[in-house]
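Asks: Protein chains in written order, with the working numbering: chain S, 1 to 179; chain X, 180 to 611.
Keep in mind that the hints were calculated from the coordinates and are not lab data.
A few of these clues could be false.
For the chain X half of the interface with chain S, some residues (derived, Cβ under 8 Å), not all of them [claimed, not checked]:
hint, residue
1, Pro-390
2, Pro-392
3, Arg-409
4, Ser-510
5, Arg-511
6, Thr-576
7, Pro-603
8, Thr-609
Within a straight-line C-alpha distance of at most 25 Å, the following computed DSS-like cross-link-like pairs (lysine-lysine) qualify [stated by the list, open to error]:
hint, chain 1, residue 1, chain 2, residue 2
9, X, Lys-527, X, Lys-353
10, X, Lys-288, S, Lys-157
11, S, Lys-168, X, Lys-527
Note that CB positions come from ideal geometry on N, CA and C, so glycine has one too.
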Amino acid sequence: MNAPPLPPRIGIPPAPFDPWDKISGLDFGEDRTQAWTIRQDILHTPPEGRPALEERLLGALAKSAPTTAGRAFICEMLSLIGGTKSVPALGALLNEPASADVARQTLERIPGPEADQVLRDALGTLSGPALAGLIGTLALRGDQQVAASLPRLRDDKAQPAAVREAAKNAIQHLKRQAR
Amino acid sequence: MIPATFSRRLFLKSSALTGAALAAPLIVPSRLFGQAAPSNLITVGIVGTGNIADVHFNTLLGYPDQVRILAVSDVDQDRRSRAAAMVNASYGNSDCAAYNDFRELTRRKDIDAVFICTPDHWHALIAIDAMRHGQDVYVEKPLTLTIQEGRALADAARRYNRVAQHGTQHRSMKRFHDLAQFVRNGGLGKLERIDVAIPPNNRFCGATWSPEPVPAALDWDMWLGPSQWRPYTSIGAHYNFRFIADNAYGQVTNWGAHYLDIGQWALDMDGSGPVEVEGHGDFPTSGLFTTATRVDFTCRYANGVPMHCRTSYIGGGTVRFVGERGWLDISRNQMKASDTQLLRDMQKPGGPVELELSTNHHENFFNCIRSRARPIADVEIGHRTTTVCNLGQIAMTLGRKLRWDPAAEAFIGDDMANLLRGRPFRGPWTLL
Chain S
1 MNAPPLPPRI GIPPAPFDPW DKISGLDFGE DRTQAWTIRQ DILHTPPEGR PALEERLLGA
61 LAKSAPTTAG RAFICEMLSL IGGTKSVPAL GALLNEPASA DVARQTLERI PGPEADQVLR
121 DALGTLSGPA LAGLIGTLAL RGDQQVAASL PRLRDDKAQP AAVREAAKNA IQHLKRQAR
Chain X
180 MIPATFSRRL FLKSSALTGA ALAAPLIVPS RLFGQAAPSN LITVGIVGTG NIADVHFNTL
240 LGYPDQVRIL AVSDVDQDRR SRAAAMVNAS YGNSDCAAYN DFRELTRRKD IDAVFICTPD
300 HWHALIAIDA MRHGQDVYVE KPLTLTIQEG RALADAARRY NRVAQHGTQH RSMKRFHDLA
360 QFVRNGGLGK LERIDVAIPP NNRFCGATWS PEPVPAALDW DMWLGPSQWR PYTSIGAHYN
420 FRFIADNAYG QVTNWGAHYL DIGQWALDMD GSGPVEVEGH GDFPTSGLFT TATRVDFTCR
480 YANGVPMHCR TSYIGGGTVR FVGERGWLDI SRNQMKASDT QLLRDMQKPG GPVELELSTN
540 HHENFFNCIR SRARPIADVE IGHRTTTVCN LGQIAMTLGR KLRWDPAAEA FIGDDMANLL
600 RGRPFRGPWT LL
């Protein structure tokens, strides 16, 4: 008796890929297995191995036109292991309205004077919710150097209420810290 | 609003007013006395009108002589309209205001207290805003999403001298009180361990999802608030927030907040916590839901006692105390023991430790609003319990043993773990 014929192949499975090649193109709702793998890598790599991972994240960020989800994921990972080396790239994102808030959140957790300076400089360029968030970040970082510029924002009736309120709360926070 | 400081003289005056008002048919709202005057009638606002708020509506509407709901807030217009209509129907008027933005509610000077029943990622910001504007708060469990938020909230309560009750109502159930007191008095002999069992997740989703149009009645940007932006999908909104780590930590904080809390109470750790934690959880590697589907972590205290927290696929949440004399197992509905003599001994009076007894979590909150005393599940206690939940979450995320300094509220020698104590907020929201 002859063996039954094999069913026809219905398609060629996609070729395996390196997860790092895909993260800048992540999209909401898609399979996130590769992002999960990279996240695990970042969470579990000891400090001495993190600069190499930071380099790879910055490489992914530099790819042309990362998606909103891809950029947010890369920034979140940089907020965990990023250092001074990440500041210029994040500073550039801070100046773009579409990425300003996510860049500010990432810089919030990167220590050092370089990040302080980039955040301070953005006080003069951001507006609306991004500016309110930035004021909060500067206060949470305990940046007393910005204290002098906050009353102006608090009292500026042209600013949205969220900005004025953020400035008011930041002034109080920095005062408490200075005591 | 109830004044931040409250002298004994004012308290006695308040008690007299309470008695008079109870005898009289007319209810006199606090605002008629002016902001500084104490009154028997406590005015309330409720932020978040979904699932858990139903419990509060039912309870609060049952105290019409003591409590008056003046406003509700929800980012879902359908929900807030329904909630306001229910309140109005109960009072026979149309006075209950309904706001999309909670800040309209927290800035009302005629509201004494705010119940916060939103998804977890909003708890800290709304509570701090309410307290900053002079309102007392009842915050549903878990107190906050992160440790950093919990510390900010607890500090704000002290700074603004507000009453802040955590919604761990087991603290106001006599059975839990008796057990915690019994354990503290050595009723089980030397305590060997605590086993907390929490139920598994009760919602699951597929590996992929598709963005959907935001319903006309929903302010999705406000629903997300300080958490990371994502497009709307019906599987990622309302009750399902609990299974998305941007918004909650699953059953670790849902049921863990209740039963780990009893462990903390019985260990006399209300102002402190464990010194070590390790755990391993199963996390979905794809799909929108990101909280652990199987939980398993152990906190160890300075006295050497471990508290285990594990997913149990049989029954609901429980906590078991195991000591030299046997074990006691307690849940919301029942109590079991290795030897019935332990249950009899637990009812005997005596013992050097006498814990405060509250038998009604809402009444305890309202009494404290009047007296300015600290409630049975004070914000600091709530923060410490929520911290234990977070320690478990972080240990499972990292899969390694972590040392914890409960005084400094910091991990020792693990900068990654320390970063996971908090999260940056999306603008314009800030944790100040």
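Asks: With reference to the structure, classify each hint as holding or not holding.
Replies: Against the structure, the hints come out as follows:
no.: 1; hint: Pro-390; verdict: holds (6 Å)
no.: 2; hint: Pro-392; verdict: violated (14 Å)
no.: 3; hint: Arg-409; verdict: holds (6 Å)
no.: 4; hint: Ser-510; verdict: violated (34 Å)
no.: 5; hint: Arg-511; verdict: violated (35 Å)
no.: 6; hint: Thr-576; verdict: holds (7 Å)
no.: 7; hint: Pro-603; verdict: holds (4 Å)
no.: 8; hint: Thr-609; verdict: holds (2 Å)
no.: 9; hint: X/Lys-527 <-> X/Lys-353; verdict: holds (14 Å)
no.: 10; hint: X/Lys-288 <-> S/Lys-157; verdict: holds (23 Å)
no.: 11; hint: S/Lys-168 <-> X/Lys-527; verdict: violated (55 Å)
In the structure shown, a violation is registered for the earlier hints numbered 2, 4, 5, 11, in ascending order.
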